[in-house]
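Make the full structure from the sequences, and use the hints.
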Amino acid sequence: MSLILILEQVLNGLQAGVMLFLMAAGLTLIFGVMGLINLAHGSLYMVGAFAAAGVAAATGSFLLALVAALVAAAAAGVVVETVVMRRLYARDHLDQVLATFALILIFSELTRWAFGSFPLYLNPPDWLSGPVTLPGGIRYPVYRLALIGIGLAVGLGLWALTRRTRLGIRIRAGENDREMIAALGVDIGRLYTLVFALGAALAGLAGALVGAIQSVQVGMGEPVLILAFVVIVIGGIGSIRGAFVGALLVGLTDTLGGIFLPELFKLVTDPATATQAGASLSSMSIYILMSLVLIWRPTGLFGAKA
Numbered sequence: 001m002s003l004i005l006i007l008e009q010v011l012n013g014l015q016a017g018v019m020l021f022l023m024a025a026g027l028t029l030i031f032g033v034m035g036l037i038n039l040a041h042g043s044l045y046m047v048g049a050f051a052a053a054g055v056a057a058a059t060g061s062f063l064l065a066l067v068a069a070l071v072a073a074a075a076a077g078v079v080v081e082t083v084v085m086r087r088l089y090a091r092d093h094l095d096q097v098l099a100t101f102a103l104i105l106i107f108s109e110l111t112r113w114a115f116g117s118f119p120l121y122l123n124p125p126d127w128l129s130g131p132v133t134l135p136g137g138i139r140y141p142v143y144r145l146a147l148i149g150i151g152l153a154v155g156l157g158l159w160a161l162t163r164r165t166r167l168g169i170r171i172r173a174g175e176n177d178r179e180m181i182a183a184l185g186v187d188i189g190r191l192y193t194l195v196f197a198l199g200a201a202l203a204g205l206a207g208a209l210v211g212a213i214q215s216v217q218v219g220m221g222e223p224v225l226i227l228a229f230v231v232i233v234i235g236g237i238g239s240i241r242g243a244f245v246g247a248l249l250v251g252l253t254d255t256l257g258g259i260f261l262p263e264l265f266k267l268v269t270d271p272a273t274a275t276q277a278g279a280s281l282s283s284m285s286i287y288i289l290m291s292l293v294l295i296w297r298p299t300g301l302f303g304a305k306a
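Counted the way UniProt numbering counts, the sequence shown spans residues 1 to 306.
Keep in mind the hints are simulated off the structure, nothing from the lab.
These figures come from a predicted structure and were not determined experimentally.
Do not rely on the hints blindly, as some may be mistaken.
Simulated DEER-style distance windows between Cβ atoms [as the list claims (entries may be wrong)]: (1) SER283 to ARG87: 34 to 44 Å; (2) LEU3 to ARG87: 50 to 60 Å; (3) ASP177 to PHE260: 18 to 28 Å.
Here a beta-carbon is modelled for each residue, glycine too, at the ideal position from N, C-alpha and C.
Written out as structure tokens, the structure reads:
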């Protein structure tokens, strides 16, 4: 196994990680501020991907497609929060799970009705197409490098928002004592809507960006949602920093496990079955990582101590 192949897989893991971060950051914001379990977050990811694919097909502009993904996902988030979620804040988590699971089915059927059952394809712009030669002779797609850069920029922007702005102060205060900030005159309903729209917009952006390297299809958000939950459990619920570190760990573990574990199995077992056994263990690797983190730190890497 060559060093160039390993470095390429590391970059692939970073790219997968930063895209997971966009998904997990919105999810952890919503849960941290509102205490709401939102299984429909993956559907907002799907809404962003389909909005981007539709606008790109109509206009030919990738940038307009990204704007459309942000607007569509944020608008869908506002509708979901005002119509459904506001009735669930004081309810049990089981009620929230059931209601948001119903939203998954609704979004899936509406998307199938609007766009059909066949996958759509979103092509990256010409100025982000093709490979670039990195130091060491690594030829890597420009678009995937751009995804890494966008994810890092969004992470920095979220840090600045939560740490350097008045809205960020209110978000952090809402995580700790929502009754107190409501008593101080903060419109808690408007804050919830803003946080939900922000989380939805991040999910929609992730869907649009990933849609250019895989097909856009109904149900594409649910597998990513599962990984996002793993990320926030590893990083710590309510922590943006934890979501970022957890997403990178999951992305690198999943990607590197896919190439190293089959090779390790070839050393200890029959090469004919090593690939299958290694692939099976690779698919379990992120859950093994989550288990180890929880054994060591039950609240996650950056979660508040009990």
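Right, here's what the structure says about each hint:
1. Between SER283 and ARG87 the Cβ separation comes to about 37 Å, which falls inside the hinted range of 34 to 44 Å.
2. Our hint of 50 to 60 Å for LEU3 and ARG87 holds, since their Cβ atoms are close to 56 Å apart.
3. Between ASP177 and PHE260 the Cβ separation comes to about 46 Å, which falls outside the hinted range of 18 to 28 Å.
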